[in-house]
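**Student:** Sequence:
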Amino acid sequence: MKKASFRPLVSTLVISMLISSALVGSASAEDRQLRKIFSGWMTDYSTYGDTTKGQIQAMDYVVAHSEMFGQILPFWYTLTGATSIKDKYVTQNSIDKSIPIATLQSLGIKVLPTITDGTKEGVLSKIMGTDSSRAALVKTITDLVIANNYDGIDLDFEGFAFVDKIATWPTIQSRWVKFIVDLSASLHSNSKLLSVTTPYLLDPKTGKKGYYFYAWPQISEHIDRLNIMFYDYHKYDTKPGPIGPINWFEPSLIYATQTVAPWKIYIGTPNYGYNWVTKVTGICPTNAPASEKKTSNAAIIHQLKAQAILDKPGAIATYNEKFGETNVLYTAEFNGVNKSGAPTSCKVDHSVWYVDARGYGARAKLVEKYRLGGIAEWEIGYGDNLAIEEVKKVAIAMGQDKVIGEVVTSTDNLLYGESAAFSGTFKLADGRPVSNVPVFIDIKRSSGTTRRAIGSTAADGTFQTKILLGESTEVSFSTDETWDRTLGQTPIRTIGVGRVVSWKIPATMKHGVTYKITGQVQPKVAGVNVILDDGSAGSAGISLKAPRSITLPDGTFEIEFTPTKTGSKQFRILTEAQTGFSSSKSAFATVWVR
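The sequence shown begins at 1 in my numbering and counts up one residue at a time.
DSSO-like cross-link-like pairs, simulated, lysine-lysine; straight-line CA separation at most 27 Å: (1) Lys312 with Lys279; (2) Lys264 with Lys365; (3) Lys466 with Lys524; (4) Lys239 with Lys293.
DEER-style ranges, computed between Cβ atoms: (5) Ile492 with Lys466: 14 to 24 Å; (6) Thr411 with Phe588: 19 to 29 Å; (7) Ser410 with Phe162: 55 to 65 Å; (8) Ala587 with Ser423: 25 to 35 Å.
Everything labelled a hint here was simulated from the structure, so no lab data went into it. Just so you know, even glycine gets a beta-carbon here, dropped at the ideal spot from N, CA and C.
Use the sequences and the hints to build the structure in full.
**Tutor:** Written out as structure tokens, the structure is:
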């Protein structure tokens with residue numbers, strides 16, 4: 001990564017599914033949806049940057065181009081120990097972190113924040129090297145993801161490559177692989193994703209390895225996304241040259257596709273470049289900027305502001321097809337006085353390299369060529385609209401057939417222990433069925449969210465299932481995204497689950513005498529408010545004077561009741577709604593009060 005400058009009860013499924021033949025044919029162009037191949041890192045300081053200080057607001061950029069984004073990698077966290085992660089977002093923003101998270105997810109964008117390595121040399125490797133500390137780190141990361149309702153996490157542990165000594169790399173590799181296996185299992189068990197960001201690796205058969213210890217072949221089946229940092233081939237402190245030339249990184253990309261499922265791979269793409277001073281002729285006056293000295297490091301430029309460079313007098317821009325980058329040459333002239341006050345002047349030659357809109361288009365075509373997941377931009381918000389529009393052209397050409405899901409249910413309200421029957425269909429936008437594909441149930445409860453396979457669609461795209469629920473639940477069904485089809489998703493159905501009440505009341509009572517009404521709720525739990533209702537509870541609500549009680553840990557309750565009126569009366573038990581359960585009511589019982 002480029003440094004910043006810069007309830008408790010588990011639902012049980014009872015499944016009845018149909019299986020059939022494969023889907024054939026393809027949808028018309030109008031029924032296809034552009035492929036979401038754009039993504040990238042959104043830094044803590046630019047999420048809601050201070051525009052009065054020239055900063056940008058990356059969230060505005062994402063919202064404006066939301067149809068292009070499938071995932072976002074907020075660059076918000078730094079690991080400081082096995083049980084500690086520094087939150088950089090909170091130090092840079094007054095807006096609560098839940099706001100951008102909810103905004104992105106409402107747009108259908110998965111949020112996988114990045115964690116960088118903020119430990120000292122060798123520390124992270126040591127943490128991963130023992131079972132106990134590795135387990136602690138896995139728990140720390142998993143807890144962070146779950147607590148913030150993230151869709152997963154992205155690991156950018158570059159210290160291995162650029163801080164730790166080369167001699168430690170073989171040891172790092174084995175520890176890294178064990179850690180990835182463990183973290184993957186933890187995240188996947190919670191229906192969360194694991195993304196990994198690394199520098200380039202090379203095929204060992206070529207005699208070159210790159211940063212081999214990130215072990216793409218060994219971790220490939222355990223990760224959901226691989227971002228490869230194909231940039232900084234030339235940097236601010238090197239001689240002038242392309243930042244991430246295609247002819248440099250394509251061999252690494254090919255090797256990646258041979259070891260990792262291509263759809264998991266994202267091309268790390270810079271929207272920045274550098275402006276080098278290559279020659280100074282004459283003696284520059286005191287009013288010449290310090291950056292114009294030959295000894296100065298190259299100044300960073302961003303795609304968003306590159307036009308100012310192109311507008312320099314005499315500037316010549318040349319796009320290099322092999323590199324997929326643009327080189328701009330220009331000369332700046334300065335006139336003034338030297339330190340002694342004598343007149344002086346100088347000419348300063350500049351060479352600028354950066355990836356422009358054409359370069360973005362070239363990288364998008366590599367996504368199409370190798371059937372990759374997409375592009376990962378460093379850093380979101382500093383690119384111009386022309387660049388993302390070039391990517392969009394390719395995204396449209398790579399469009400997927402849109403899958404539409406529908407579902408109906410036998411009921412929206414259950415009592416604890418009852419099941420709900422669902423039947424639904426998955427079809428393409430033109431009406432053709434999506435046949436013989438796995439169907440998943442997505443369950444969102446107060447205790448968390450889960451996703452599990454329940455079977456496959458039939459020849460006509462239909463599916464059926466019964467669900468036994470332990471608490472109130474939001475239920476939807478989905479099919480996985482494929483290269484040719486979008487993710488299919490049915491509308492969410494909210495199923496309310498009420499508690500089952502068993503109780504006893506005498507068939508006859510004497511007015512003025514106190515009786516004990518006993519019973520039990522299912523599931524058995526303490527703290528449930530139970531009310532004896534004489535039928536008067538309605539739109540006006542339950543009277544505060546109604547006899548009531550609270551259940552004990554075994555779910556039992558006892559209500560003291562003294563009838564005051566004679567005659568035939570009807571009574572029932574009500575339970576109040578609580579987290580995970582809707583209100584419920586028993587059948588009426590008739591009592592003769594004498």
